Each structure stands twice: as structure tokens, then as C-alpha cells.
Amino acid sequence: MWRHIASNALTFLVVLAFLLGGVILWGQTSYNAEGPLEEQICLRVERGSSMRRVSTKLAAEKAVTNAAIFRIGAEYTDKSEALKAGSWLIPKHASMSEITEIITKGGASTCGTEVVYRIGVTRSEVEVRELDPATGRYVEKAAFDPKEETAPAEFTEVRDESDTRYRVAVAEGATSWQIVDALKSVDVLTGEVEVIPPEGSLAPDSYEVREDDTRASVIARMQEAQEALVAAAWENRDPDLPLASPEEMLILASIIEKETGVAEERGQVASVFINRLNRGMRLQTDPTVIYGITEGKGPLGRGLRQSELRRETPWNTYVIDGLPATPIANPGRASIQAAVSPAATDYVFFVADGTGGHAFAETLDQHNANVAKWRQIEAERNQSE
2 MWRHIASNAL
12 TFLVVLAFLL
22 GGVILWGQTS
32 YNAEGPLEEQ
42 ICLRVERGSS
52 MRRVSTKLAA
62 EKAVTNAAIF
72 RIGAEYTDKS
82 EALKAGSWLI
92 PKHASMSEIT
102 EIITKGGAST
112 CGTEVVYRIG
122 VTRSEVEVRE
132 LDPATGRYVE
142 KAAFDPKEET
152 APAEFTEVRD
162 ESDTRYRVAV
172 AEGATSWQIV
182 DALKSVDVLT
192 GEVEVIPPEG
202 SLAPDSYEVR
212 EDDTRASVIA
222 RMQEAQEALV
232 AAAWENRDPD
242 LPLASPEEML
252 ILASIIEKET
262 GVAEERGQVA
272 SVFINRLNRG
282 MRLQTDPTVI
292 YGITEGKGPL
302 GRGLRQSELR
312 RETPWNTYVI
322 DGLPATPIAN
332 PGRASIQAAV
342 SPAATDYVFF
352 VADGTGGHAF
362 AETLDQHNAN
372 VAKWRQIEAE
382 RNQSE
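If you read the sequence shown in this note's numbering, its first letter stands for residue 2, the second for the next number, and so on.
Treat the hints with care, as some may be off.
Taking lysine to any residue and the SDA-like style, the derived pairs with C-alpha atoms no more than 20 Å apart in a straight line are [unchecked claim]:
1) 80 to 33
2) 63 to 40
3) 374 to 261
4) 58 to 70
5) 148 to 178
6) 58 to 41
7) 185 to 208
8) 63 to 99
9) 185 to 199
10) 148 to 302
Treat the hints as calculated values from the structure; they're not laboratory data.
On a predicted model such as this, the values are computed, not experimentally measured, just so you know.
Produce the entire structure from the sequences given, and follow the hints as far as they go.
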């Protein structure tokens with residue numbers, strides 16, 4: 002009898018082990034299998050959340066097939082205690098193991114609310130925006146000028162949330178003075194910038210920042226990025242350029258940046274100045290004159306006077322020969338590239354054409370005809386106002 006009982010018990014244990022192994026295999030397969038999520042979502046994990054709470058939320062969002070398997074898988078891989086607060090973008094069909102990795106690896110949030118401090122050429126603003134997981138695009142919630150307007154509720158409500166991300170976005174053509182002045186209003190940063198960086202030395206770009214980063218550290222990042230851009234462009238420049246140094250290249254790039262906002266024109270604008278330098282012609286460009294008046298401390302806000310066009314400054318290219326003394330703004334990558342690889346043209350003149358772009362000319366007669374057209378457009382516009 003005992004032998005029969007022992008045999009039955011052994012059989013039971015074998016069956017139990019087999020079933021248990023099957024359950025484990027099923028659980029592992031489910032944990033690593035493609036998930037049911039049809040559209041990516043933004044999962045917010047609040048401070049103090051537990052893996053149980055997160056698994057319940059994921060199940061409610063239909064991002065996982067089984068909340069218990071998700072928790073067991075996280076426990077089995079020693080990640081249950083590594084949960085990170087933040088807002089995490091969960092891709093569609095992400096497996097439970099992939100989701101676990103996303104919400105435990107840390108770093109900056111990958112979705113949710115972002116506050117962007119935009120530093121522009123004519124004004125700066127703070128934008129509050131939120132990523133729409135369905136489209137992968139940001140939707141603006143509010144925008145305001147921090148120097149002139151009271152912060153709206155959309156900003157104050159998210160300002161101290163742990164998963165809010167911050168970014169400083171610098172527009173191409175902003176001056177070093179404008180950038181430093183605008184950084185004073187970026188309230189997540191600390192410290193002061195003791196000295197205005199050299200004009201042209203800051204790379205216009207978008208920089209993610211964190212609470213209590215210093216303003217000086219952000220400036221240093223901008224300078225490092227611009228140094229790398231300038232070095233690479235100079236290394237790959239056209240061999241016959243009338244530019245003696247990377248500094249002269251940067252000066253030319255800054256003029257190109259201020260002369261046109263039309264991306265397709267940069268190469269042509271660059272060719273005009275290169276051709277003028279090659280022929281010993283003065284550059285005669287208004288933005289350099291304006292810089293001599295404002296020294297980069299904001300837009301002029303009016304037209305140039307004839308007396309200003311005649312007044313000699315280190316930047317007045319109507320009076321001085323060659324390039325001005327320094328850059329007149331911080332040029333972006335595209336303008337730097339145009340400076341070292343201009344279009345192959347014989348243009349030496351250009352003037353506004355009324356569409357936001359310019360009309361280019363090889364001869365003075367062609368240029369005068371283009372100027373006459375522009376004057377006519379200006380006159381018609383003035384009459385209609």
C-alpha cells in the first residue's frame with residue numbers, strides 16, 4: 002500500500018512540476034511578448050508610486066494583458082524597487098519587459114509637460130506645451146513674455162511638478178547680449194553670467210536644462226557646441242574662400258544670418274559677399290550698421306538714417322573695407338555652412354523682392370531695376386495702410 006501511495010505522490014509531484022513549469026514558461030512568454038497597446042501613451046508615475054499602482058494603471062490603459070504577470074516579471078528581474086517618478090512615453094505594442102525598462106531606467110521624462118524658454122531676436126517668451134502621444138507632437142497650452150506679463154495658471158500649476166521638463170531654445174541670429182539678458186528670466190536656472198560671451202560664440206539650438214542648473218553652465222554648453230560647429234565647418238571649407246581664419250568665417254556667417262530668413266537663399270546671399278570680398282568691394286550691408294548702433298542690445302526699432310550710414314564704426318561696412326570687426330549675432334549651423342560653401346554665382350547685389358526673399362543681380366543696372374520694383378511695392382503698401 003505504501004508503495005502505491007508513494008508512486009501516486011511521485012506522479013502528482015511530477016505533474017505539479019510540469020504544470021508549474023508550464024505556468025512559468027507562459028508567464029515569461031507573456032512578459033516578453035508584444036503588448037496590446039494600439040496607440041502610444043504617456044504614463045505618469047508620481048512620487049511614492051508602487052509597482053502595484055503602476056501595473057493597475059497600465060492594465061486600465063490596456064497596455065498590459067495581466068497586471069500580476071507585470072508585477073511578478075518586474076520582481077523577478079529585480080526592478081520592482083527601481084521605479085522612477087516621471088512621465089514616460091510607452092510605445093504601442095511595447096512588451097511588459099520593455100515597459101518595465103522604460104519606467105525604471107530613470108533620466109529625464111520622455112513625455113508630458115515641457116516648459117520652453119524661447120530666446121528670440123525681437124522678443125523672448127515662455128511656452129508651456131504638452132506632448133500628444135497620439136501624434137508625437139507638442140500642443141501649446143500657454144505662452145507669455147516673462148518680462149511684461151504675469152505667468153498664467155498653466156505655467157504656475159506645472160512649475161514645481163517633478164515630471165515637468167525644461168528647455169532653453171535660442172533662435173538663430175540672437176546676439177550674445179540678448180541671450181544673457183533673457184537667461185536672467187529663466188527661473189529654473191541659478192547664478193549669474195559675469196561677462197557677456199564674445200559675439201558669435203554661442204550656438205543657437207535647443208538645450209534641455211534641469212532645476213538649479215547654472216546660467217554659466219548653459220552658456221558653456223552653447224560655447225562648446227559652437228566651437229565644434231565652427232571647427233568642423235572650417236575643416237571642410239571651400240579652398241578658395243577669401244577668409245583668413247575661422248573667426249572671419251564666423252563674422253561672415255553672422256551677416257548671412259541677419260540678412261535673410263529664407264533658408265534657400267543663404268547660399269546666394271553668401272555668394273554676394275564672397276564675390277564682393279574677392280573684388281575688393283565694400284559689403285554695404287545694413288545689419289552691420291545697425292549692430293554698430295545697438296551693439297547687439299536689442300533691435301533698432303526704426304529705419305537707418307543717412308547720417309548713420311555715413312558714420313564710421315568698426316561695423317559700418319558702408320564705410321570700412323572688408324569684414325566688420327566682430328560677428329554681429331550668433332549664427333546657426335545653416336548660415337555657417339553657407340559661409341564656407343556659398344552658391345556659385347556672379348551676384349554682387351541683392352534687395353528685398355516683396356515676398357520675404359530677395360532679388361539678386363550681377364550688374365548695377367539690374368540691381369537698380371530691382372530696387373525700383375521694391376520701391377514701387379513699398380509705395381503701394383504705404384498707400385494701402
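Results of checking the hints against the structure:
Our distance criterion of 20 Å between C-alpha atoms is met by residue 80 and residue 33, whose separation comes to about 15 Å. The suggested pairing of residue 63 with residue 40 holds, with an alpha-carbon distance near 10 Å, which does not exceed 20 Å. The straight-line distance between the Cα atoms of residue 374 and residue 261 is roughly 19 Å, inside the 20 Å bound, and the hint therefore holds. A threshold of 20 Å between alpha carbons decides the hint, and for residue 58 with residue 70 the separation of about 14 Å falls inside it, so the pair holds.
Pair hint residue 148 plus residue 178 holds up; C-alpha atoms about 16 Å apart against a cutoff of 20 Å. A C-alpha spacing of about 14 Å is found between residue 58 and residue 41, which places the hinted pair at or below 20 Å, so the restraint holds. For the hint linking residue 185 to residue 208, the alpha-carbon distance of about 16 Å falls within 20 Å, and the restraint holds. Pair hint residue 63 plus residue 99 holds up; C-alpha atoms about 15 Å apart against a cutoff of 20 Å.
A distance of roughly 18 Å separates the Cα atoms of residue 185 and residue 199; the hinted pair therefore holds under the 20 Å criterion. For a cut-off of 20 Å, the pair hint linking residue 148 to residue 302 stands: about 18 Å separates their Cα positions.
Violation of the numbered hints given earlier is absent; every hint is satisfied by the structure.
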